[in-house]
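Residue numbers (this note's numbering), protein chains in the order written: chain A, 1 to 114; chain B, 1 to 114.
Hints were generated in silico from the structure; no laboratory data involved.
Keep in mind the model is a prediction, meaning the values are calculated, not measured.
All C-beta atoms in this analysis are idealised placements derived from N, C-alpha and C, irrespective of residue type, glycine included.
One thing to keep in mind: the hints can contain errors.
Residues from chain B that face chain A, not an exhaustive set, calculated with beta carbons under 10 Å [stated by the list, open to error]: (1) 13; (2) 27; (3) 32.
Quick list of in silico lysine-lysine cross-link-like pairs, DSS-like style, CA-CA up to 25 Å [claimed, not checked]: (4) 83/A to 14/A; (5) 101/B to 49/B; (6) 49/B to 70/A; (7) 9/A to 83/A; (8) 71/A to 57/A; (9) 61/B to 57/A; (10) 71/A to 101/B; (11) 83/A to 49/B.
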Amino acid sequence: DGGITQSPKYLFRKEGQNVTLSCEQNLNHDAMYWYRQDPGQGLRLIYYSQIVNDFQKGDIAEGYSVSREKKESFPLTVTSAQKNPTAFYLCASSMGDPMDNEQFFGPGTRLTVL
Amino acid sequence: AQSVTQPDIHITVSEGASLELRCNYSYGATPYLFWYVQSPGQGLQLLLKYFSGDTLVQGIKGFEAEFKRSQSSFNLRKPSVHWSDAAEYFCAVGAIHSDYKLSFGAGTTVTVRA
Numbered sequence: 001d002g003g004i005t006q007s008p009k010y011l012f013r014k015e016g017q018n019v020t021l022s023c024e025q026n027l028n029h030d031a032m033y034w035y036r037q038d039p040g041q042g043l044r045l046i047y048y049s050q051i052v053n054d055f056q057k058g059d060i061a062e063g064y065s066v067s068r069e070k071k072e073s074f075p076l077t078v079t080s081a082q083k084n085p086t087a088f089y090l091c092a093s094s095m096g097d098p099m100d101n102e103q104f105f106g107p108g109t110r111l112t113v114l
Numbered sequence: 001a002q003s004v005t006q007p008d009i010h011i012t013v014s015e016g017a018s019l020e021l022r023c024n025y026s027y028g029a030t031p032y033l034f035w036y037v038q039s040p041g042q043g044l045q046l047l048l049k050y051f052s053g054d055t056l057v058q059g060i061k062g063f064e065a066e067f068k069r070s071q072s073s074f075n076l077r078k079p080s081v082h083w084s085d086a087a088e089y090f091c092a093v094g095a096i097h098s099d100y101k102l103s104f105g106a107g108t109t110v111t112v113r114a
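If we strip away everything but chain A, and leave its shape as in the complex, we get (with noise of 0.2 Å):
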């Protein structure tokens, strides 16, 4: 079964900690991404890797940090400096730019910092 995996599904964090979120996907997809929800302001994106190896800043990076080491996994760190961490935070990938290949979404992971 093709598709994205995010883990956990909840996560609780002492605020100062960092944490890592988990993001793999089996589609064989090169592009991935990290996405922020919070209510009423729709998604913003926070990382974006087009390729192995390569990612981008999105709209919201600072506080965050990723890496891109293998084709299959992004896993997305939320260190200490994000002043507002707790989110749901989706990841998604796509065959190449989304605007050709569609963006398909993992199920979220919801960051609650105490």
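Given the coordinates of chain A, assemble chain B onto it according to the supplied hints.
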């Protein structure tokens, strides 16, 4: 830069009635326009997409959308709503040379009453 406005935060519709969700975009050239649906606590699924050609686009689950350049709109419609259509709907806009970035609207939540 491109942007999207979804004027309606919440819409309630009776099962079997028609549904129309509004989307207005801002972009100088011809945009790529998308509608996504998100069930509670889940990722997003693409309903349909427009770039060029016929301004009336058919999508999955019986949805259609019409591109109106003169009004900068891309409204989503469904003739007869089913209870399973209760979800949040997002309009998104992208463009050639936008570096893999889509801009999402804030979303419209649809409630279906029996």
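**Numbers of unmet hints, in rising order** = Hint check: 1, 2, 6, 9, 11 fail, others pass.
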